[in-house]
Every structure is written in structure tokens, then in C-alpha cells.
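K.L.:
Since chain H is already given, all that's left is putting chain Y on it; use the hints.
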Amino acid sequence: MSATVPCPQPECKAHEDGKCIEGLDLSTCPHWKGRTAHSTPDDEPGRLEDLVDWPSGKGVAAEERGVLSRARQTRTVLVAGEPFTGKTTLIGALYIAFHRGSIGPFRFAGSETLLGFEERCFRARLASGGSSAETAHTPVKQSTVLHLAIDNMNTGARKDLVLADISGELLKEIYESPGTARMMPIALESERVALLLDARRLVDKRQRHALVARSSQLARVLYEKRITSTERPLLVVVTKCDFLPQESAEWDEVRNQTQKVTEAATFATSVFTAARRGPGLPPGAGFEELLNQWTAPTLTAPTLRTASPARAFDLYDARGEG
Amino acid sequence: METRRILIAGLPESGKTTFLAALWHTLKHGKHPSLQLARIPDNAAYLTSLSMQWLSFEVVKHTTHETKRSTLLQVETMPGGPTFDLELPDLSGESFSNGFELRGWETHVSESSCTSTGLALFVGPKIVDMMLIDDAINIADKIAPPIDDGNTTHQVTATEKPQKATTPSKKWSASDSPTQTYLVDILQQISRERPRYRPLRVSVIASAWDKWMNSSLTPEKWLERTMPLLWQYLESNSARFPWKAYGVSAQGGDYLNAERVRQLEEMDPCERPIVASGTGVSNDLALPLAWFFE
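Top line first, the protein sequences correspond to chains H and Y. Using our numbering, the first residue of the first sequence is number 1, and each one after it goes up by one. Using our numbering, the first residue of the second sequence is number 323, and each one after it goes up by one.
So that you can see chain Y by itself, here it is in the shape it has in the complex:
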């Protein structure tokens, strides 16, 4: 039986483990048109424990640096069709953030990046942009424009010395980088470790998609607008990383929104997830993984 290993990557709290929890429950109940579970694995304790949290509307505990879990599922892309072993290593977000900041990652992460046939790259709702001082000043000026009393109109000249500025008080460290810089460098490291002749399909998964649904942007357009550097990198390297973008809300909504939680409580749990692809929306959580089997 052919084994397809999927690398699930993303920074801490980007929705990787919640995705696994919901995926396991919905796969088990045969609700995914794109991927079916062929049989229950011999050891499903970890996935079951995650899905219980998810079913109870608890925030699924994210994978810590100390826990290394790998899940092996037998799946088929159509009933009675060829069966694959789907291996999903649940790596901690710290493995990836530390890789960027400390310039090294554990051998098992490296091994996964070399041997995987697909990469599910999670982009969480907490996106660090690192605002520029100029932009902050510009926004401040728009909120409270400089006072012009009509008598003291001031003509700016090119040689005028700017006001004395406050010296930066913080020493730079790699963790001061924007989220998209982290994600680009993770992809670059994966690229370095894999043979050039083996392209890696990438599903970019924007998690907590319920937050962005009202923007009416497709996931691709959202990525282009929200993370332009990552989008450009993927577009420029599409031969090496053929890619698609998905918007996924494995929870189905924000648990802090009482009204939404009440709606979710009334629903069949398999219908809770929201998966956006192009202009379409479904509950098929396996969709971002299914094209790794084509």
C-alpha cells in the first residue's frame, strides 16, 4: 500500500491541531466526498481525545514542543478505489517558529519535510505585520492632523532638518519578524532540504476563516492581500511548490460568540466546519488534502 505523508506546518496556534480533531471526527463519519476512511486505525486514542474536545466546544489544546504525535490513517479517494496510508505528523508550531528564530529544527521535522508528498501550511488568525513608523505617523496624522491656524503656515523645505527622533529602544531579534517572513523562510528551508526534481504540493490553509468570510474575498485573493510576500513567493516558485489556497474554520465559528455557539450546538457536528475553495463553500475538511492524492 502506498504511503502519502502530509507535512502539517504552521506557527503556534495556527489551527493545525483543531483541524486534525475535526478531520478525524468527520472522516470517521464518512462525510467527506473527497476522502474516505478505509478502516479505523489500531491506535486512535490521540485523535479521539482531540475530537472529544472539539465536539464539546472546547478550544483544542495545541501540540506542545514536547509532544510528538504521528497519525497513520488508511484512506481511499473513492469508495472501493485504491487505498493509501495517510500519515499526518502533528508537529508543534514551536518546531517551525524555532526553526526560523534559532536557525535549526529537529531531525524528525527535517525528515518530514523531505519525505512528504503534500504540505498543509496553516496561516492562523494572529498575523503579525510589524507596522512601520511612517505608517503609524501617517495614521496618527489622519486621525489628528497638524493644526493650521492660518497665520503660521509652514513651508517644508528640502534642507530642513527633521525633528530629533527617539532612538530605537529595543534590540532586534529574529522574533521581531512579520508572520509572512517566517512562513516564506520555512518554505525556503523545505525547498533546500528536498531534491529539486521533487515538487511539493502546498495547500495554504487560512484558519478561522469565519473571521474573513464577510470580506467576500476568495482564499487566494485573501492571501494576496494579507500576505503579499508569501503570495509572491508561492507564485514565483509554483513549479517547485504547486499551490492552492483554502479558507478553513474547523470550529465553525468563534467560541466567544454565544449566538454562534448556540447555532453550532444545534447542528450535526460534521456540518460545523467551513471550507472555502475558490468561490465555493462546503463542509469537506479533507478537500485541502485530497489533491495530494491526484
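Isolated chain H, as found in the complex:
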């Protein structure tokens, strides 16, 4: 049986008119590759073969996230933070860390969005042609969710996390106009919320007060809307701690500013993370704690636990990771 197999490129009609949407010769188009006719002993020459489609593997549009929870019990984690706070970097760094090995007791158990992760991590790879690790900023219209299944070697428990990688601009709608925000549905069904704070901005004297004020307002809205609660405290994630030189006075400032936000949230915990190499915390710092919080069946009693940076360094040094 012959079949007309469309090109996977959106809006490409090559299977109908033979023209590549990118203007390439079909024999050289990487998307059409493999869809050209094959001549085999069993087939007539020049026929297209039937293909069994795979899922796209890319990020799933936030409003279509239901497809991920059809066959499995998922837990939605809202990763929130202002633009350029490092949301995509954090999620990508978690994925890259699994390429190096397990994270504490957590092992990679699968992902329906492997290509979505790969695409987000590409700018951090040498093959991109760039000279500095960076991840793509999440555009407003492309809010997507990623799937990451992990299992805990100690307990044997598996968790399918749906990570809502939403744009900072949409997040702004939530705290400025929670009644009409486009992202409220996914926020309301999130079982965990991670609010990201950029450590570099927390020590910038011109930026820190406004950042803390906005973040505190968001933390309060999340609590008032019952998105966070005693059972589901907000997780304040301080990113880019790789930039903070060890034992510098800036650490005290970061801790103080972070505490202001956790206090505004009523129930919150905090974790300090580093995704890249720098003078501060080592890459991967805080990831195990993050996964602990995201996968825990019920979180521990509410605390205002702001780990001392000095203690955080001790922890990583003791593990030989520093």
C-alpha cells in the first residue's frame, strides 16, 4: 500500500506539490530526508512507504498539556520568575545533569519531550557555534510544558513531572491581574510552584528592592489564590548562585532579600542553585533539594528555612563537588 506522508515541517505541502517550504531541493532537505521514495525488492520503485509516526518530542503547548497526563499520573510544577531569571536555564541544566549521572537518589526515567529539552539546551552546547552557555528566552506566545519522569532509588517511587516553562511576561499578568491572567488555569492546577529569584539582581542595589517587591506581591497572590498553602509551600529558588564568590558579603545580602520574599509568601522554603560554572556554588548545586521538594508526597511542616550560604558551601565541599 502506498501512502502520502506529509513533511513534519509545519505548513510544508511538499507531499502535495513537491515544493519544500524552505526552498530546498527535496533530496537535500533534512526534514524530508527518509520520506522520499524507496525502491525495495518487495515494493514497486518510486512509492512512498508507510510511516508510523512518533510523538513530536518537543515541548507541549501549555493548553494541550492534557496529552501528557493521559497515560500517567503527572505532577505539574510551575516554574515562575521574571524574564531572564534563568527558568529555561534551570530546567535545561537539570536535564543536562541527568546526562552526567543521577542526581542524588534521583534517576532519569524518561521524557515525552526529549527534543524540547535538547532544543532548549542547544545554546549551551559547543555545537551551537556560540562562545557562552545560554538558553533561549521563552517567548510570550510559546509557553510550553516539558515532561520529565524520575524515580527515586531509595524509595522506588516514580514521579512524572510536567514542568510549566512559562514566559516571564505571562507571569506578570498573574500578579498584576490575577482575575484575568491567561496562565491562571495552569497555575491553579499546579501542585508545586517554584518562584525564581536571580541572585545577581538581589545584590544589585538598583534592582533588588523592585525585584523583591514584585516577587513578594506574586508570592502573596499565589497564597491568596490558594495555589500555595501549608501543604504546598512556595519554593523560592535563588538562581545564578554560581556568580556569587564564596564567602563574600554579597551572600548575606542574597539571604536577607530572599527571606523577605519567603516571609511574604507565608509558607515557603528556599533553595540556592547554580546551573553553570563560576566562582560561587558548583554547577548542579541545589538540584537534589529541588527534586526532593518537587517529588515529595506531602511537604514537611511549613518553615521559613533559608539555608545559610556558608552552610551550603560546606555541604558541597563535603561531597567533593566544590
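Just so you know, the hints here were simulated from the structure itself, not pulled from any lab data. You may find that some hints are simply not true.
[Said to hold, decoys possible] Derived CB-CB ranges, DEER-like:
| hint | chain 1 | residue 1 | chain 2 | residue 2 | range |
| --- | --- | --- | --- | --- | --- |
| 1 | H | Pro83 | Y | Arg547 | 31 to 41 angstroms |
| 2 | Y | Arg361 | H | Asp50 | 30 to 40 angstroms |
| 3 | H | Gly129 | Y | Arg391 | 31 to 41 angstroms |
| 4 | Y | Ser537 | H | Ala61 | 37 to 47 angstroms |
[What the hints assert, rightly or not] Computed, partial: chain Y to chain H, Cβ under 10 angstroms:
| hint | residue |
| --- | --- |
| 5 | Ser371 |
| 6 | Arg425 |
| 7 | Thr429 |
| 8 | Glu515 |
| 9 | Pro517 |
| 10 | Arg547 |
| 11 | Ala612 |
| 12 | Glu616 |
Keep in mind the model is a prediction, meaning the values are calculated, not measured. The C-beta atom is built at its ideal place from N, Cα and C for all residues, glycine as well.
P.N.:
Same frame as chain H, but now just chain Y:
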């Protein structure tokens, strides 16, 4: 007679066809304690042609996308024991790489993945890791550390702006993914296509094992160190994919190593293959397939 179909999967040039060439020759000569050939099949032309290349120390030509071959062998797990039809579809590596990159594979590959009782997953010697920019910078710094002349010691501060970076010049495509991402996604697709109640035994075969033998790692440990994502996936999904790892060198060594080739020329061809399992080493090429019959 019961038919056991084995899916032989792996990316291009991962050693699948060379394995078949050597397997056929050694099975024919009854040199495998774990699996014996019950009778010569009616049509053995393809396997014979492959084994002739292997016997002549030629690099066995890999299966192209246009050639679809399937081999049906009658084998027994012990002399006089029950006989099985062993079907070995020789699928091209492009079938699997295209599956990942183009998000679709041919129906006959899909059918094999659904109906197989065992999966021989080949990991070739060319492993694409996709180095991170940070790691490259770190290595470069170790080779040539930044100059410190004692007068211009520079204290890094948290608010300091990083140097202006070069914008990535290449557009991402799925083919920029590391090898282990491909292999995990192939397993995930197989998992999607099979009924959940039918686990699939997997033999992960690290080919060209002669390259890794001096590392003194077992194949399992090698997999854990070299392909951590794949290893974690297999460990996490061991109920769905019960698995074992083997190190296999069907050639017995690198044909570009003249001294090794001279040694191989003096050997009985059946003794050329190297098969590592756990801490043991043998010439039994059927070992990675034998447990599919247990």
C-alpha cells in the same frame, strides 16, 4: 515450532551487520555453547556474503536504508533440545536515526518492535556526546590558565557583566542530539508500541569492545559511565525492559592495527570475536541472544 524474533537496533555503523556476519560463521561451525544451529536455512546467500567479507578482514558493508533483509535460522539452546526459529531482521541504522530525527519510522520497523521477544541494542564506538561550552572553557582554562602577573589580580563580583559572547551561529536540529538521547527515545518509542504487559528483554551490546577492554570496566559499568542517561533509563524501567550489557568485538580488533590483524590471521576465525559479560570474556557471540530463549 516457536518463532523468536529478535530486533537488532542501533544507529548507523554501530556494528549490527558485522555482528551478524561473525555470528553466522561461528554458529555454522557449532562453536557457541549457548546457541546451536539446528540446520542450514534454505537461503543463506546474504549471510554467506557477509561472512565472506568478515573472514577476509574486510569492513562488512552496513545495511543501507534501501536493503531490507531478514534472516530465519533454526536454532536450539542445547543439542537435541527444543528447536526455535530465530528471526533476525537486519534493519538499517538510518531506520532508527530517521525515526528519532523525523519522528516516524517504517511500518516494518514498527512491526518488529511490537512482535520481538528480545532486543539487541547496539552502541557503536562513535558516541556523540555534544560537549557543553562551559566544559570546553573549563578544559581550555586548565590547559592555558588566565595570566596572573601579580599586579592585576582581578576580584570577580556577582554583579559584574560577563564578557560579550558570540551568538550561536547554528540553528538547532534534532540531529544535534547526543547518542544517548537517540537511544533512549528509540526505547521509548518501542515501549509506546508494545502492550504494557509484555516486557522486552534487552541486550545492550557495546560494539568494538576491543577499544574499551583495557579500561577494566565491566560492560555494565562502562554503560553507566559512558551513557549515564541510557543507563538510568534502563535501570528505572527494568520491569518493562529487563536488561543485560555485553561488550562485543565481532572483528576481534581494529583492522587498522597491523599487528592485531597479523594475530587475527593466525587464529581460528571462530576465536576472533571477543564477548565480555560481567567480568568474564569468551568468544561466544550468541551469548547476548541466548537469554532471550530462557
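K.L.:
All hints, please: hold or fail.
P.N.:
Hints versus structure:
1. Pro83/H - Arg547/Y: 31 to 41 angstroms: 38 angstroms, holds
2. Arg361/Y - Asp50/H: 30 to 40 angstroms: Cβ of arginine 361/Y to Cβ of aspartate 50/H: about 34 angstroms, so the range 30 to 40 angstroms holds.
3. Gly129/H - Arg391/Y: 31 to 41 angstroms: 40 angstroms, holds
4. Ser537/Y - Ala61/H: 37 to 47 angstroms: For alanine 61/H against serine 537/Y, whose Cβ atoms are near 45 angstroms apart, the range 37 to 47 angstroms holds.
5. Ser371: 15 angstroms, violated
6. Arg425: Cβ of arginine 425/Y sits 4 angstroms from chain H, so the hint holds.
7. Thr429: With Cβ-Cβ at 4 angstroms, under 10 angstroms, it holds.
8. Glu515: For glutamate 515/Y, the interface hint holds, since the closest Cβ of chain H sits about 7 angstroms away, which is under 10 angstroms.
9. Pro517: 13 angstroms, violated
10. Arg547: With a minimum Cβ separation of about 9 angstroms from chain H (threshold 10 angstroms), the hint on arginine 547/Y holds.
11. Ala612: 28 angstroms, violated
12. Glu616: This hint is violated: glutamate 616/Y lies away from chain H, its Cβ roughly 25 angstroms from the closest one there, beyond 10 angstroms.
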